[in-house]
Amino acid sequence: MRLPKSPPSTAAAAAVLPPSETVFGHPKALAFLFGTEMWERFSYYGMRALLTLYMVKYLFPAKPAETVFGYGALKNALEFVFGPLGVQPMASQVYGLYTSLVYLTPILGGLLADRLLGRRRTVMIGAVLMAIGHFMMASESLFLPALLFLILGNGAFKPNISTQVGGLYAPGDHRRDRAYSIFYVGINLGAFFSPLVCGTLGERAGWHYGFAAAGVGMLIGLGIYVYARRHLPPEPPIVRRSATHRNAPFTHDERKGMIALLILWLPTVLFWATYEQQGNTTALWADGFTDRSISLFSWSGEIPTTWFQAFNPFMIFAFTPFIVGLWAWQAKRRTEPSTLTKMALGCFGVALANLIMVMAAHAAGAGGKVSWLWLFGYFAAITAGELYLSPIGLSLVSKVAPSRVLSMMMGVWLATSFAGNFIAGWLGSFWSGMDKADFFLMIAAIAAGAGVVIWLFNKPLSPILED
79 MRLPKSPPST
89 AAAAAVLPPS
99 ETVFGHPKAL
109 AFLFGTEMWE
119 RFSYYGMRAL
129 LTLYMVKYLF
139 PAKPAETVFG
149 YGALKNALEF
159 VFGPLGVQPM
169 ASQVYGLYTS
179 LVYLTPILGG
189 LLADRLLGRR
199 RTVMIGAVLM
209 AIGHFMMASE
219 SLFLPALLFL
229 ILGNGAFKPN
239 ISTQVGGLYA
249 PGDHRRDRAY
259 SIFYVGINLG
269 AFFSPLVCGT
279 LGERAGWHYG
289 FAAAGVGMLI
299 GLGIYVYARR
309 HLPPEPPIVR
319 RSATHRNAPF
329 THDERKGMIA
339 LLILWLPTVL
349 FWATYEQQGN
359 TTALWADGFT
369 DRSISLFSWS
379 GEIPTTWFQA
389 FNPFMIFAFT
399 PFIVGLWAWQ
409 AKRRTEPSTL
419 TKMALGCFGV
429 ALANLIMVMA
439 AHAAGAGGKV
449 SWLWLFGYFA
459 AITAGELYLS
469 PIGLSLVSKV
479 APSRVLSMMM
489 GVWLATSFAG
499 NFIAGWLGSF
509 WSGMDKADFF
519 LMIAAIAAGA
529 GVVIWLFNKP
539 LSPILED
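Each residue of the sequence shown is one higher than the one before, starting from 79 at the first, in my numbering.
Just to be clear, a hint being listed does not mean it is correct.
Under the rule of at most 27 angstroms between Cα atoms (straight-line distance), these lysine-lysine pairs were calculated in the DSS-like manner [what the hints assert, rightly or not]:
1. K153 with K141
2. K537 with K334
3. K135 with K153
4. K153 with K514
5. K514 with K447
6. K135 with K514
7. K135 with K447
8. K410 with K537
Estimated spans, in silico, between C-beta atoms of each pair [said to hold, decoys possible]:
9. A406 with A143: 49 to 59 angstroms
10. I210 with R282: 17 to 27 angstroms
11. P312 with F508: 45 to 55 angstroms
12. I341 with H440: 30 to 40 angstroms
13. I341 with I210: 30 to 40 angstroms
14. M437 with L404: 25 to 35 angstroms
Just so you know, these hints were derived from the structure itself, not from any lab. No experiment lies behind these values; they were computed from the predicted model shown. Backbone N, C-alpha and C define an ideal beta-carbon position, used for all residues, glycine too.
Can you make the complete structure from the sequences, with help from the hints?
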């Protein structure tokens, strides 16, 4: 049975557009949302590429309790739960808290947009908060307050930019999945350039230059969004709490769709818990266990550690046309995998990536270093896995969630990354105390387990989730 989609008024507006309002068969607004998200992700991933190295190599080995506002209280709280924390485990916990909370606050950002401010205003508020946070990173004493600004800003920005992509398409429009894959290229285009720019500035010129570059990127994204406001999809009516809405329960089909999303929530959390080792323990592997020397023609040098964070986003926009083309080819032959099959394959891709690193760790032996090509293989496998799960999940929420709570449900879905990143930080705290091959094997087993769970729900849930 099919589920109700977006309100007819919004969908109709998205369905019929003059040629001047389309680009390559998609609404022109998609290009502006692409650009806005690209620069926001430039700022996020540029800062993230530096975060763990900044804490481990510079900020925490000094006297952070005396220089970083709130550090002592945070460390005491974490040690109360997890026991004594050295520099690397503490950095991993802070990394996990930050990258998890940026995906918890979207629930509040979605509610704020749905019930009070609307999506456009909430997006702009979020962009301003994030720009402030990035520039605050220039001050060591404001490190933790800066992270708080970034967390709150991302919560306002993220769910409301994503739902506007879905609002460009009418119910049943099969361009929607492709639009989210195109939008995902924008995410990863920004994520590709940011380690090259912010990472290089941070490692070579000074940490604070890298953080400031991330702030400039966020301001560019805000400028694109403000310019594009007249092209954006119509704002849905704001749903304020009232007796009318309290007495309008969800339909049977709406409830089934929301329950299906909640069932998929836990295995998706485990996917992100394993995937998000990239900016944490994988960065430490690249820094300490990888031979980063490279020779091209008559030039030879060493790959900066932060540049490895560009491998995944580069592969995203390199692989996306082939994967989207593969799905189109399979669709013509009625062999395209179901939504849940794609998501299960995404988890298995992450498991394969970590099995590659198990082999790399065995090749390195005790204290040795291995070629950077092992990381190249790791990122190729994990990227394929990501493309089969992440954009498909965003598209799924835009199709299944009731329109009156769409931003909130998008926030709930993005909260899979909250729980996943929190678990990722906890898992990463075992890095310094475990054999590296065993660590990667543990991560692979968790990812594979998540894929099996999704696979088992394929048959009962597919009739609810598929168009």
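Hints and how they fare:
The hinted pair formed by K153 and K141 meets the criterion: a straight-line CA distance of about 13 angstroms does not exceed 27 angstroms. In summary, the hint linking K537 to K334 is supported, as the alpha carbons are separated by about 15 angstroms, within the 27 angstroms threshold. The straight-line distance between the Cα atoms of K135 and K153 is roughly 18 angstroms, inside the 27 angstroms bound, and the hint therefore holds. Between K153 and K514 the CA atoms are separated by roughly 26 angstroms; this keeps the pair inside 27 angstroms, and the hint holds.
The suggested pairing of K514 with K447 holds, with an alpha-carbon distance near 12 angstroms, which does not exceed 27 angstroms. Proposed proximity of K135 and K514 is supported: the alpha carbons are some 20 angstroms apart, at most 27 angstroms. Note on K135 and K447: the hinted pairing holds, with a Cα-Cα distance of about 20 angstroms set against a maximum of 27 angstroms. Between K410 and K537 the alpha-carbon distance is near 22 angstroms, which keeps this suggested pair within the 27 angstroms criterion.
Hint check: A406 to A143, Cβ distance near 56 angstroms, so the stated range 49 to 59 angstroms holds. Judged by the Cβ atoms, the range 17 to 27 angstroms given for I210 and R282 holds: they are separated by roughly 26 angstroms. Checked against the hint of 45 to 55 angstroms, the pair P312 and F508 passes, with Cβ atoms roughly 49 angstroms apart. In this structure, I341 and H440 meet the distance hint of 30 to 40 angstroms, their C-beta atoms being roughly 37 angstroms apart.
Evaluation of the 30 to 40 angstroms hint for I341 and I210 yields a pass: the beta carbon distance comes to about 38 angstroms. At about 27 angstroms, the beta-carbon gap between M437 and L404 stays in the expected band of 25 to 35 angstroms.
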